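Asks: Letter by letter, the chains look like this.
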Amino acid sequence: NKNSCVEAGIRGICVGRCKSKEAEIKRINKELANIRSKFKGDKALDGYSKKKYVCKLLFIFLLGHDIDFGHMEAVNLLSSNRYTEKQIGYLFISVLVNSNSELIRLINNAIKNDLASRNPTFMGLALHCIANVGSREMAEAFAGEVPKILVAGDTMDSVKQSAALCLLRLYRTSPDLVPMGDWTSRVVHLLNDQHLGVVTAATSLITTLAQKNPEEFKTSVSLAVSRLSRIVTSASTDLQDYTYYFVPAPWLSVKLLRLLQCYPPPEDPAVRGRLTECLETILNKAQEPPKSKKVQHSNAKNAVLFEAISLIIHHDSEPNLLVRACNQLGQFLQHRETNLRYLALESMCTLASSEFSHEAVKTHIDTVINALKTERDVSVRQRAVDLLYAMCDRSNAQQIVAEMLSYLETADYSIREEIVLKVAILAEKYAVDYAWYVDTILNLIRIAGDYVSEEVWYRVIQIVINRDDVQGYAAKTVFEALQAPACHENLVKVGGYILGEFGNLIAGDPRSSPLVQFNLLHSKFHLCSVPTRALLLSTYIKFVNLFPEVKPTIQDVLRGDSQLRNADVELQQRAVEYLRLSTVASTDILATVLEEMPPFPERESSILAKLKKKKGPSTVTDLEDTKRERSVDVNGGPEPAPASASSTPSPSADLLGLGAAPAAPTGPPPSSGGGLLVDVFSDSASAAAPLAPGSEDNFRAFPKHPRISAGGSEFVCKNNGVLFENQLLQIGLKSEFRQNLGRMFIFYGNKTSTQFLNFTPTPVPRCGLDSLTRTHLNLQTKPVDPTVDGGAQVQQVVNIECVSDFTEAPVLNIQFRYGGTFQNVSVQLPITLNKFFQPTEMSSQDFFQRWKQLSNPQQEVQNIFKAKHPMDTEITKAKIIGFGSALLEEVDPNPANFVGAGIIHTKTSQTGCLLRLEPNLQAQMYRLTLRTSKETVSQRLCELLSQQF
Amino acid sequence: MIKFFLMVNKQGQTRLSKYYEHVDINKRTLLETEVIKSCLSRSNEQCSFIEYKDFKLIYRQYAALFIVVGVNDTENEMAIYEFIHNFVEVLDEYFSRVEHHLPPFFFVLNVQRKFSSNELRKCRNDP
Numbered sequence: 001n002k003n004s005c006v007e008a009g010i011r012g013i014c015v016g017r018c019k020s021k022e023a024e025i026k027r028i029n030k031e032l033a034n035i036r037s038k039f040k041g042d043k044a045l046d047g048y049s050k051k052k053y054v055c056k057l058l059f060i061f062l063l064g065h066d067i068d069f070g071h072m073e074a075v076n077l078l079s080s081n082r083y084t085e086k087q088i089g090y091l092f093i094s095v096l097v098n099s100n101s102e103l104i105r106l107i108n109n110a111i112k113n114d115l116a117s118r119n120p121t122f123m124g125l126a127l128h129c130i131a132n133v134g135s136r137e138m139a140e141a142f143a144g145e146v147p148k149i150l151v152a153g154d155t156m157d158s159v160k161q162s163a164a165l166c167l168l169r170l171y172r173t174s175p176d177l178v179p180m181g182d183w184t185s186r187v188v189h190l191l192n193d194q195h196l197g198v199v200t201a202a203t204s205l206i207t208t209l210a211q212k213n214p215e216e217f218k219t220s221v222s223l224a225v226s227r228l229s230r231i232v233t234s235a236s237t238d239l240q241d242y243t244y245y246f247v248p249a250p251w252l253s254v255k256l257l258r259l260l261q262c263y264p265p266p267e268d269p270a271v272r273g274r275l276t277e278c279l280e281t282i283l284n285k286a287q288e289p290p291k292s293k294k295v296q297h298s299n300a301k302n303a304v305l306f307e308a309i310s311l312i313i314h315h316d317s318e319p320n321l322l323v324r325a326c327n328q329l330g331q332f333l334q335h336r337e338t339n340l341r342y343l344a345l346e347s348m349c350t351l352a353s354s355e356f357s358h359e360a361v362k363t364h365i366d367t368v369i370n371a372l373k374t375e376r377d378v379s380v381r382q383r384a385v386d387l388l389y390a391m392c393d394r395s396n397a398q399q400i401v402a403e404m405l406s407y408l409e410t411a412d413y414s415i416r417e418e419i420v421l422k423v424a425i426l427a428e429k430y431a432v433d434y435a436w437y438v439d440t441i442l443n444l445i446r447i448a449g450d451y452v453s454e455e456v457w458y459r460v461i462q463i464v465i466n467r468d469d470v471q472g473y474a475a476k477t478v479f480e481a482l483q484a485p486a487c488h489e490n491l492v493k494v495g496g497y498i499l500g501e502f503g504n505l506i507a508g509d510p511r512s513s514p515l516v517q518f519n520l521l522h523s524k525f526h527l528c529s530v531p532t533r534a535l536l537l538s539t540y541i542k543f544v545n546l547f548p549e550v551k552p553t554i555q556d557v558l559r560g561d562s563q564l565r566n567a568d569v570e571l572q573q574r575a576v577e578y579l580r581l582s583t584v585a586s587t588d589i590l591a592t593v594l595e596e597m598p599p600f601p602e603r604e605s606s607i608l609a610k611l612k613k614k615k616g617p618s619t620v621t622d623l624e625d626t627k628r629e630r631s632v633d634v635n636g637g638p639e640p641a642p643a644s645a646s647s648t649p650s651p652s653a654d655l656l657g658l659g660a661a662p663a664a665p666t667g668p669p670p671s672s673g674g675g676l677l678v679d680v681f682s683d684s685a686s687a688a689a690p691l692a693p694g695s696e697d698n699f700r701a702f703p704k705h706p707r708i709s710a711g712g713s714e715f716v717c718k719n720n721g722v723l724f725e726n727q728l729l730q731i732g733l734k735s736e737f738r739q740n741l742g743r744m745f746i747f748y749g750n751k752t753s754t755q756f757l758n759f760t761p762t763p764v765p766r767c768g769l770d771s772l773t774r775t776h777l778n779l780q781t782k783p784v785d786p787t788v789d790g791g792a793q794v795q796q797v798v799n800i801e802c803v804s805d806f807t808e809a810p811v812l813n814i815q816f817r818y819g820g821t822f823q824n825v826s827v828q829l830p831i832t833l834n835k836f837f838q839p840t841e842m843s844s845q846d847f848f849q850r851w852k853q854l855s856n857p858q859q860e861v862q863n864i865f866k867a868k869h870p871m872d873t874e875i876t877k878a879k880i881i882g883f884g885s886a887l888l889e890e891v892d893p894n895p896a897n898f899v900g901a902g903i904i905h906t907k908t909s910q911t912g913c914l915l916r917l918e919p920n921l922q923a924q925m926y927r928l929t930l931r932t933s934k935e936t937v938s939q940r941l942c943e944l945l946s947q948q949f
Numbered sequence: 001m002i003k004f005f006l007m008v009n010k011q012g013q014t015r016l017s018k019y020y021e022h023v024d025i026n027k028r029t030l031l032e033t034e035v036i037k038s039c040l041s042r043s044n045e046q047c048s049f050i051e052y053k054d055f056k057l058i059y060r061q062y063a064a065l066f067i068v069v070g071v072n073d074t075e076n077e078m079a080i081y082e083f084i085h086n087f088v089e090v091l092d093e094y095f096s097r098v099e100h101h102l103p104p105f106f107f108v109l110n111v112q113r114k115f116s117s118n119e120l121r122k123c124r125n126d127p
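Protein chains in written order, with the UniProt record's numbering: chain V, 1 to 949; chain C, 1 to 127.
These are computed hints drawn from the structure, not numbers from a lab. In this text, all values refer to a predicted model and were calculated from it rather than measured experimentally. Yeah, the Cβ is synthetic: ideal placement off N, Cα and C, and Gly gets one too.
Keeping only pairs whose Cα atoms sit at most 25 Å apart, straight-line, the calculated DSS-like set for lysine-lysine is:
#1 18/C to 56/C
#2 852/V to 3/C
#3 3/C to 907/V
#4 877/V to 734/V
#5 21/V to 10/C
#6 866/V to 877/V
Which residues of chain C face chain V? A partial, calculated answer using Cβ under 10 Å:
#7 20
#8 21
#9 43
#10 45
#11 46
#12 48
#13 49
#14 74
#15 76
#16 77
#17 79
#18 81
#19 83
Label pairs and their computed distance ranges (CB to CB):
#20 21/C to 63/V: 21 to 27 Å
#21 281/V to 21/C: 33 to 39 Å
#22 33/V to 12/C: 29 to 35 Å
#23 564/V to 40/C: 56 to 62 Å
#24 265/V to 26/C: 42 to 48 Å
#25 26/C to 819/V: 50 to 56 Å
#26 63/V to 26/C: 17 to 23 Å
#27 10/C to 918/V: 54 to 60 Å
#28 12/C to 526/V: 48 to 54 Å
#29 564/V to 26/C: 55 to 61 Å
#30 893/V to 12/C: 51 to 57 Å
Could you build the full structure based on these sequences and the hints that come with them?
Replies: Encoded structure:
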């Protein structure tokens, strides 16, 4: 037997015999020399020897050694007429193919010959080789040929099977190279093929093709249903080889059910009826006694069952089936197999969102709560949390929130933050009674303070401020909670804020008199971090206004060395300014400046946005995201300013909206206006720069917003304009973008008559802590001439490459010397993710098909907001086009709506994006929905575009 | 859809890997190490599915050999789970006692031969 000879030859150089690495290398080098001499020798080698040596080379390669010869011999083997020789040749090519042009030509030639050979074995080998290599070159050479083989009437079954899978592979790597044509209609008929192997391969191929071209493969629905029906109703012996432990063709059934999930429920009543029958049969079988006790039997049966349930949920149209599916999953929830419990929880989660089965899902609440308490596997518990969240509504919110809170005390650290966010969202969403809401959030802080992100406690403050019925209760509750000897810093923050606003509501009670409140807060002061202490200082100045009787005590504290001479600039400045304010201002002025915060504009909870972000598929990214967010926050001290002056509510309101779209200032955007008070609060560095600390009209008692967001928003939809202007300097921009690359021309104009010296502008990408490991944007530029004459202009070119999607725009830092003083200006460069948009035109059908495919909750981001500008159709259209996407006309059935589509190009990925903007003229509101395959992209684009209307 | 198929032994050595999407060679090593690490740390009571980055891992253990399949989130976990077993049964029929370490080459060679001999394909789930 020649084959075993080859294997014996290989064993001869098997490492097992070599005692050390050196011995192995020596042995291999000897063998390589031997093979080389055989190949170079005068005597022509026969096919067998050639095969033997090529095989040895391959083995040596797999052991991890480089092979730099033998390719030609391997290619020669391809033209052998012996199966084993040809096979080794193809194997070598598949493993060691390189794009050496001469060889590729020879290889392609050999493949072509084999494809035309009509010998099924040879055709099979050639098709496997094309699929295994699967490169673009292969697709270029054979993507036209393979479909012909697939649909030719005389092709053998085994070859058809290989051809279908080969084409699938080529389509996945280079969809553009696979021509659609009349073969498509014939491929669909393979679903009717006698040979189940062909049907299986064809179903895989059709499913993938149908996802992108649903219209062309529409006829597959009825064929798939009839095939499925024949399998499901067959006796287990009918399908012979394809019966697996008494389950007829389980994998094929799963594939057919998956194919049907590319389409809505069939319209033809006969097809629809037949499908319903199939699904019922599958559900019935689950209740029948098993035909075998083997676990393989039940696994295969359940695989089909779970896929059938996915289809039922996908169709979401048959209440009867949905409820049955729910009951079946309910049984699995108590199954002894962990796998089934996990899958049941997972499927039920999607079932909970259907209006037909929501109630049925809710009946399992006790089982799910029990799972949360008793499951030993954290991933199963995580599913239980997800399901509780999905099944929550007004009727069971209190119970579910209570259970999640009690679980939180013992929950795994890895899922705590997510549970905190979920509890916070549910508590807000279903609060009938806001006292309950306040209690819940304070409990969250008590139980898992470290996992309560800013969004959560900002939100409780927003809500307390907006609802006057809960303010007194909130003040009382935080006061009581602060009595605890050790409380979490987040509680101090919430407590400080709320007492600063509403402490007066409980001051009548001698147990919580102003002085008691103050002493209580101040007892925590020294244990807190700088941002919290800064917040408390603002509370103190609010107290000065609320309770004149404690004013001397507070002034004493402010005057203390630990405040007035604090090493921290922010604390020192607050102390100085508050002290001064409390001394010089009349009570009237104090009352105006330190008035109670006005209500916040209603908007989508930023916690929800955070959860959507958090629900990212990758836990690793999650961690990074969290880190990044934290680092951003640390940069600027993000605490809300309780003492914000009432005349400028919006920018300070923005403080609470981290992560959500910034609230719009009522006036024009604070771009380059002069020293208006609004500008003091606007976070753009351009506005803050000219304000020397301590100047008269400067209310910088209030912390600067850490984010530079509003600054560049007018550049989101345009590429040219004036970016920045003050008395000295004007900066203009011109930019162009193509795919993931861009070029920006920055013009610096010296408005004075004096030279700027050492003029150094540097654009720097901004990112969080992880900037060392991950760069989202590459910026390249050359330094400009360091002297800029009076009245002159210099130009700087920045080349931009977008590596991956990003949220933080880069910053332009400019330093120069003007008349002996050193000037420092930082401006945000308007490079936003949407600049890397490439518009895509598509038909209405395509659009909605794609829209449906992007239906995971993480893929969609929606924002409902009030119009900030007049709602003009033409301007809106221009903005959407300026945003970068294609504006698709006559796609949305409602002509008042706008839809757009495009691709975001980054170096690492391309993300398809669909957007839909629905204006509501009456309410002067918009609803903006973004769907993309990547949730960070959806999130960011939604933020960017929402600011525009 | 299946993203990759791995056979890894308890010592963390990859015995067979097949990727259906391009992954850089050096990233593969890293991925394989992380994958086996997360499989080894699990007990019998835990389920056979692990969420890992943007895909799901489905694994089964046969003595010292782990078979791990990485899939995207539309894949049917149970179907893949049982497919692994089917795969092992077919290998067992050919070589007997697959779970005992096979030299890598022997494996590739024979698996290739078998694939072309059309036996396994009838039950094959995905290319």
